[in-house]
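Quick note, the sequences are listed as chains P and C, same order. Residue 580, in this note's numbering, is where the first sequence stops; the numbers in between run on with no holes. Residue 580, in this note's numbering, is where the second sequence stops; the numbers in between run on with no holes.
Treat the hints as calculated values from the structure; they're not laboratory data. Watch out, some of these pointers could steer you wrong.
Repeated chains share a single entry, so a pair holds when one copy, or any two copies, can fit it.
Claimed, not checked - Under the rule of at most 27 Å between Cα atoms (straight-line distance), these lysine-lysine pairs were calculated in the DSSO-like manner:
id	residue 1	residue 2
1	347	193
2	453	484
3	193	122
4	347	196
5	484	376
6	376	579
7	347	376
8	386	376
2 protein chains.
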Amino acid sequence: MNKESVSRLIDAAQGRIQCDLVIRNAQVADVCNKEVFKADVYILDGMIAGFDGCRKAKEEIDAAGRYLIPGFIDAHCHIESSHLSPSEFSDAVIPCGTTTVIADPHEICNVTGLDGMSYMLKASENIPLSVFLMFPSCVPATPFEHSGAILNAEEIAEYIDNPRVPGLGEMMNYPGVASADGTVMAKLEEAYKRNKNIDGHAPSITGPALDGYAAAGITTDHECETPEELHDKVRKGMYVMLREGTACKNVLQLLPGVTEKNSSRILFCTDDRQPQSIVRDGHVNYGVSLAIKNGLEPLTAIAMATLNAAICYHLSDRGMVAPRKRADLILAKDITNGITPEMVFIKGRKVAEEGRIIAKAPHTTPEHVSGRMDVKDFSKAKLSLKPGSDHVRVIDIIPGGVVTGNGDAWIRRGDDGEWIHENDKDILKLAVIERHHGTGNAATALIRGYGMKHGAVATSIAHDSHNIIVIGDNDDDMARAVEKLISIGGGITMFKDGRELGTHRLEIAGLMTDLPLAEVTKCLDDMHETAEKELGVNKAIDPFMTLCFMALPVIPSLKLTDCGLFDVDSFSFTEIGIKE
Amino acid sequence: MNKESVSRLIDAAQGRIQCDLVIRNAQVADVCNKEVFKADVYILDGMIAGFDGCRKAKEEIDAAGRYLIPGFIDAHCHIESSHLSPSEFSDAVIPCGTTTVIADPHEICNVTGLDGMSYMLKASENIPLSVFLMFPSCVPATPFEHSGAILNAEEIAEYIDNPRVPGLGEMMNYPGVASADGTVMAKLEEAYKRNKNIDGHAPSITGPALDGYAAAGITTDHECETPEELHDKVRKGMYVMLREGTACKNVLQLLPGVTEKNSSRILFCTDDRQPQSIVRDGHVNYGVSLAIKNGLEPLTAIAMATLNAAICYHLSDRGMVAPRKRADLILAKDITNGITPEMVFIKGRKVAEEGRIIAKAPHTTPEHVSGRMDVKDFSKAKLSLKPGSDHVRVIDIIPGGVVTGNGDAWIRRGDDGEWIHENDKDILKLAVIERHHGTGNAATALIRGYGMKHGAVATSIAHDSHNIIVIGDNDDDMARAVEKLISIGGGITMFKDGRELGTHRLEIAGLMTDLPLAEVTKCLDDMHETAEKELGVNKAIDPFMTLCFMALPVIPSLKLTDCGLFDVDSFSFTEIGIKE
């Protein structure tokens with residue numbers, strides 16, 4: 001703010017000039033003392049001016065004793081996981097009370113590199129939701145796959161001075177940090193030089209490895225799974241996030257580790273939330289409500305989702321209901337049993353009411369981020385799978401998470417050595433087809449637990465390199481599904497007996513769409529129903545999300561990249577056929 | 001840190017390289033979880049590398065179960081009040097466990113302007129104590145007196161980008177902030193532009209005035225006097241400091257307002273601590289110990305004096321015992337009943353033991369900060385006091401503070417109208433002589449309660465403009481005392497019957513000396529004794545500190561500046577003689 005705008009606030013605080021808006025009779029959540037107080041809250045030029053000393057306002061809203069809460073800050077999320085463009089994401093999460101997000105465009109940058117960063121910055125610049133973008137630190141996520149881009153220290157240096165870039169996104173390469181790898185350190189140094197944040201990603205890392213990770217200046221983690229792990233990370237100086245995503249849900253696991261004494265070091269985040277989760281359950285407010293319902297003091301929970309994130313990311317202009325803070329506010333009837341926003345304000349403007357967006361975000365035409373489909377010589381023949389043995393390694397799906405089992409099975413092979421699908425066994429073929437650089441790479445493997453009886457499902461969302469991944473019992477449907485995605489620039493599609501059963505187009509990088517939330521969820525709901533009823537996919541798993549994580553070589557135990565079957569535990573490639 | 005030094009820490013944390021020092025068998029104060037844990041703490045290159053994973057160290061210290069605490073951070077102090085140069089101040093406070101100070105060179109800058117700022121930066125640059133300097137926001141403190149310099153936005157802009165300048169020092173001109181005065185706003189804007197801190201000074205300011213003050217972006221206050229005031233300021237988003245200075249002591253007053261829930265918004269500071277207070281009682285550790293003895297949880301108190309201050313001033317490299325933080329550490333036998341440091345470490349080097357400094361700070365020759373004594377035409381005649389009435393206004397000293405009463409008395413006057421001292425009345429003459437610009441200004445007034453029977457006491461410490469202030473029963477001794485200070489460039493001196501009873505020379509700006517702490521306290525102790533025994537000064541007051549605050553026109557109720565008698569309550573000059 002400049003002195004003129006601050007002078008106006010000072011004048012307004014003391015009743016010398018009129019405010020724009022007053023919210024009367026509110027029970028204000030004071031996240032600094034962690035208590036509630038009754039007040040009229042005055043707003044001028046999008047900022048909170050003050051309380052009792054202000055005299056008049058052009059507009060008045062009677063809170064009638066409802067709670068007035070600072071807007072929620074999502075401390076870490078990937079907008080891409082919503083399948084929505086930033087503008088549609090804004091429309092989707094604001095009604096949930098989220099007014100600021102610290103987003104990591106890790107997915108789109110893994111597909112489109114700096115074009116993705118530029119698009120995300122531009123598309124999120126003039127929308128109601130306040131979006132900060134951490135620069136992705138791990139593009140590619142690992143050297144064991146082909147991503148669409150490689151972003152190193154030079155690229156980081158180009159972008160990290162942007163005031164909307166608070167630092168480096170989640171550093172997943174914890175072996176690289178532990179070994180003080182040169183490329184990793186060069187990336188980190190760009191943040192050191194500017195005293196900017198570095199987000200962490202350190203699942204199950206404790207003890208000396210965690211000391212090394214913390215010594216690298218990484219100050220947050222959202223991958224804790226136990227209260228003990230949370231406690232250890234807090235001790236080492238990190239801010240720990242309670243994550244409540246669609247697949248990864250840690251709030252209830254971690255809650256026993258949160259005390260009033262350490263709560264100032266704890267934040268909330270959503271990480272990856274699917275569109276249906278946002279529509280049905282909410283966004284940050286869902287995690288906050290879950291924590292409150294399970295015994296966390298409401299004011300402590302609210303402080304974690306507001307003030308603490310503002311402190312962690314140096315956002316000194318928000319996070320509390322106090323003079324000179326942004327009037328990013330939530331009005332809610334109750335805070336003692338969860339928080340359902342009735343009205344949401346951003347910079348003093350009412351942007352949502354009763355769960356519906358009012359201030360729709362302006363749309364930005366995606367440029368240079370079309371779904372890259374540089375697939376070389378794809379044909380059905382690329383899906384060939386000849387294990388070399390009847391005894392094979394199998395990726396075992398474990399419902400409720402993204403970790404897989406490293407299983408084995410006995411199969412049948414044809415005279416040509418090709419795997420033969422057996423109806424009485426729940427084993428299917430999985431293939432990953434490289435789509436960024438025309439390498440012609442395609443790799444196949446076997447997977448168990450998906451449940452599908454007949455047909456194929458394919459998607460261009462395949463963490464973290466987002467090549468095309470396809471699952472099926474027959475090569476014809478699989479090939480058609482892959483070809484469909486190539487032709488439309490990415491998305492999710494299903495085929496059975498040569499017939500297209502449903503397609504969800506994701507024309508932005510093969511990850512996101514410009515369609516509005518309602519259409520996206522309608523399409524996905526229909527496709528889920530079809531997947532279950534017509535393809536027979538296991539009800540215990542999400543047919544599409546499960547598939548998305550089968551190519552992620554940083555999560556145990558057995559995964560498939562475009563380069564082959566990968567044993568995460570030994571961090572090396574392996575064979576399908578087991579040599580006896 | 002650069003990537004090479006971080007890589008070394010990462011290596012050390014995991015035992016790949018040897019550390020410099022290990023402190024074994026410590027009970028480490030974890031200020032993030034607010035609990036104690038047992039560990040060996042390894043240090044490399046002045047930073048904490050880690051705990052169990054480190055293998056060996058060149059040097060080993062056995063803590064034998066003692067507590068290992070992060071070094072204390074004084075969130076606000078004026079080094080000048082110690083009478084010591086920065087190097088001697090370092091030697092004085094480090095044994096108390098203070099390892100970082102946020103100092104405001106408000107006093108020396110009021111005398112010497114930017115030369116004072118430059119000297120303080122230079123003199124504190126290469127000493128063991130880590131010194132940050134807020135740029136003084138109020139030079140002069142008020143327009144009702146002559147200070148040695150005027151520092152405005154242009155001067156702030158020259159210095160505020162220095163990484164050792166975290167922002168603007170205490171904004172005492174709260175009426176100027178409340179009215180959004182142009183000069184004040186121009187100063188504040190220099191901090192806004194750079195997102196730097198602005199310290200506050202808002203005694204008894206609450207309600208709408210406080211909203212306006214907070215709206216100005218002022219984020220700390222160390223002038224709270226009641227738990228209610230603390231609570232209100234925390235609610236408005238400010239960090240509140242528990243101050244324990246020599247004259248102003250707020251820890252016990254404010255403690256009832258500190259709860260576990262709001263403690264993350266509370267810091268400790270010393271503001272003004274005299275050398276004897278440091279020697280006898282300690283520094284930040286004194287306030288911390290007082291709070292603990294009076295019921296504050298030890299870990300909460302420690303977090304307030306370490307982590308909270310680090311967060312408030314964006315000092316991300318300190319404030320906790322964790323990897324990659326500076327090894328600024330205190331070893332102490334006990335934390336449950338106050339904290340007495342046995343050893344103090346700064347950047348991993350043992351700098352004090354058993355209350356004695358080991359790492360003496362290198363001395364910096366003061367340049368351009370000699371005690372400015374540009375006094376025009378001083379003579380005894382300047383001390384003339386002709387009230388114009390027998391009924392006069394009298395400055396009433398109130399022991400135990402710096403506030404005075406606005407009293408009245410009946411006096412005797414000679415034929416020439418001159419005030420005549422009466423032995424049976426405890427009324428003395430007070431004079432302030434301008435010393436910065438040769439204006440020739442001198443003003444006199446009457447003061448009651450000092451107790452001195454005969455003689456004169458003068459000092460060049462006279463907050464905040466630091467002109468010469470002198471008190472006495474006769475003009476001869478008063479004139480000699482003033483002349484003495486002019487001749488030596490400032491200090492404190494006492495005369496009786498033409499004889500010099502003692503002088504404490506303060507050759508740096510008339511405020512500080514290059515002498516070591518022991519000599520300063522010895523000299524002051526002797527002078528205190530003389531003042532009491534030979535001059536008969538009231539035992540209930542400090543003879544010198546009391547005098548220092550009689551020219552401070554921002555503290556009620558009646559004060560004397562070089563421009564005349566000042567009624568602080570009406571914020572205007574007044575007459576000595578009362579017109580009936």
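> Can you name, in rising order, the numbers of the hints this structure does not satisfy?
Replying inline: 6 and 7
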